[in-house]
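In order, the protein sequence lines correspond to chains Z and D. If you read the first sequence in UniProt numbering, its first letter stands for residue 1, the second for the next number, and so on. If you read the second sequence in UniProt numbering, its first letter stands for residue 1, the second for the next number, and so on.
Bear in mind the hints are in silico, worked out from the structure with no lab data behind them. These numbers were taken from a predicted model, which means no experiment stands behind them. Check each hint, because a few of them may be wrong.
Remember, identical chains collapse to one label, so a pair may be satisfied in a single copy or spanning two.
Unchecked claim - Derived pair list, reagent style EDC-like, types lysine to aspartate or glutamate, alpha-carbon separation capped at 16 Å:
#1 Lys-114 - Asp-27
#2 Lys-148 - Glu-45
#3 Lys-148 - Glu-37
#4 Lys-40 - Asp-210
#5 Lys-148 - Glu-60
#6 Lys-127 - Asp-201
#7 Lys-114 - Glu-137
#8 Lys-148 - Asp-117
#9 Lys-114 - Glu-125
#10 Lys-148 - Glu-129
#11 Lys-40 - Asp-58
#12 Lys-114 - Glu-129
Chain by chain, the residues run as shown.
2 protein chains.
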Amino acid sequence: MELHSFFNSSTSYRVRIALELKGVSFDYVPVNIRTGEHRKEAYVEGVNPSAAVPALTDGEFSLGQSLAIVDWLDTRYPEPQLIPAEPEQRARVLEVSQLISSDMHSVNNLRVLKYLDTVLNVTPEQKSEWYKHWVAEGMSGVERLLSKYGRLPWCFGEQPTLADCCLVPQIANALRMGCNLDAYPTSMAVYRHAISHPAFDAAQPGLQPDFVSP
Amino acid sequence: MELHSFFNSSTSYRVRIALELKGVSFDYVPVNIRTGEHRKEAYVEGVNPSAAVPALTDGEFSLGQSLAIVDWLDTRYPEPQLIPAEPEQRARVLEVSQLISSDMHSVNNLRVLKYLDTVLNVTPEQKSEWYKHWVAEGMSGVERLLSKYGRLPWCFGEQPTLADCCLVPQIANALRMGCNLDAYPTSMAVYRHAISHPAFDAAQPGLQPDFVSP
Numbered sequence: 001m002e003l004h005s006f007f008n009s010s011t012s013y014r015v016r017i018a019l020e021l022k023g024v025s026f027d028y029v030p031v032n033i034r035t036g037e038h039r040k041e042a043y044v045e046g047v048n049p050s051a052a053v054p055a056l057t058d059g060e061f062s063l064g065q066s067l068a069i070v071d072w073l074d075t076r077y078p079e080p081q082l083i084p085a086e087p088e089q090r091a092r093v094l095e096v097s098q099l100i101s102s103d104m105h106s107v108n109n110l111r112v113l114k115y116l117d118t119v120l121n122v123t124p125e126q127k128s129e130w131y132k133h134w135v136a137e138g139m140s141g142v143e144r145l146l147s148k149y150g151r152l153p154w155c156f157g158e159q160p161t162l163a164d165c166c167l168v169p170q171i172a173n174a175l176r177m178g179c180n181l182d183a184y185p186t187s188m189a190v191y192r193h194a195i196s197h198p199a200f201d202a203a204q205p206g207l208q209p210d211f212v213s214p
Numbered sequence: 001m002e003l004h005s006f007f008n009s010s011t012s013y014r015v016r017i018a019l020e021l022k023g024v025s026f027d028y029v030p031v032n033i034r035t036g037e038h039r040k041e042a043y044v045e046g047v048n049p050s051a052a053v054p055a056l057t058d059g060e061f062s063l064g065q066s067l068a069i070v071d072w073l074d075t076r077y078p079e080p081q082l083i084p085a086e087p088e089q090r091a092r093v094l095e096v097s098q099l100i101s102s103d104m105h106s107v108n109n110l111r112v113l114k115y116l117d118t119v120l121n122v123t124p125e126q127k128s129e130w131y132k133h134w135v136a137e138g139m140s141g142v143e144r145l146l147s148k149y150g151r152l153p154w155c156f157g158e159q160p161t162l163a164d165c166c167l168v169p170q171i172a173n174a175l176r177m178g179c180n181l182d183a184y185p186t187s188m189a190v191y192r193h194a195i196s197h198p199a200f201d202a203a204q205p206g207l208q209p210d211f212v213s214p
């Protein structure tokens, strides 16, 4: 099994955490999205028609989109299950995961920031304000959801779930970009708990083979 | 059961289609996101901590995020199942759904377009180019995925799935915004098939109680 990944991509980071939690061994295939490797024909035709990372390949099978990949891994390698089967718990996990994936991450990913830079010619200050605005919007929602429905030490109790796989990369990115996250103490408590876990540690950008320091 | 919805919200539209396909009766609770009703304290505290539409409420239970809602509906009202159980088919359905939800819709939704207008002061032409750029990026991916893995008349065969619930509102929005979609014939064939279906018809923005013409 191969994971097509970029060290600094938070969607790749989600899947790396899931693979590490499940103890599934995989080959790491670096795809440099900064230089556009994800748009090359061989990759789009042969690996991921979405032209994005991450993508998981396993023989003839190939799959893109991080949340779909974790769902597939749950079917194939059910221990530990990252999307709970119990309907209400499952709903809560998917709700937080989709909030992070759709409402927060996608507005702040590399391709959007590049568009702001190169097409709209925004200033560095405007780009930073944009980033912080969407982090604040999204984290406020996450914090309210976790305050209402969450249960520490993980987002939803004694075991990590897909919600933690999404939250940790998002918070790591926000910290790297200089966001102040003091207003989200529940989310930060989960983050601090998670990063000391061996699977979350092994998945961090700085430990990937394609890591380059900023 | 109540659906908190805005007629023109494509994420609300996804859930309306799912409810109609399953024949689940619900009360329609309009939430005007243009005037910020989704940010009012009573709504955020009592209905949806994400401060967004759609939200589904059922007695004490309340859930936001369209894909999480459809997953929950599948558990509660399994017929017809919109997220297939068979692992590979399931993976394909979730992949297309997440591509639309995360990579395409969220970059072009109302709050992002408002930010472009009011904070970055872009011109109407720049805003239109932004919208069309992300539609083209996303639809290219969807079209490649459907060409490779899809099976008409629906995205994935003889029955509609979550992928169709996501694709149809996205295409309807893109057409409304004047995008040219000639380059995506497979996606458009699914769209034309879908809109004649009674459930997809009943869910369209123009037939909702809060509809106002542009």
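For each hint, the structure was consulted:
1. Lys-114 - Asp-27: Classified as neither: same-chain Cα gap 29 Å, cross-chain 43 Å, threshold 16 Å.
2. Lys-148 - Glu-45: Close across copies (9 Å), not inside one copy (44 Å); limit 16 Å.
3. Lys-148 - Glu-37: neither (42 Å within a copy, 21 Å between copies)
4. Lys-40 - Asp-210: This pair counts as neither: shortest intra-copy Cα distance 18 Å, inter-copy 45 Å.
5. Lys-148 - Glu-60: between (43 Å within a copy, 13 Å between copies)
6. Lys-127 - Asp-201: neither (29 Å within a copy, 41 Å between copies)
7. Lys-114 - Glu-137: Classified as between; 14 Å across copies, 21 Å inside a copy.
8. Lys-148 - Asp-117: neither (38 Å within a copy, 33 Å between copies)
9. Lys-114 - Glu-125: within (14 Å within a copy, 19 Å between copies)
10. Lys-148 - Glu-129: Neither: 28 Å inside a chain and 40 Å across chains, both beyond 16 Å.
11. Lys-40 - Asp-58: neither (20 Å within a copy, 47 Å between copies)
12. Lys-114 - Glu-129: both (15 Å within a copy, 15 Å between copies)
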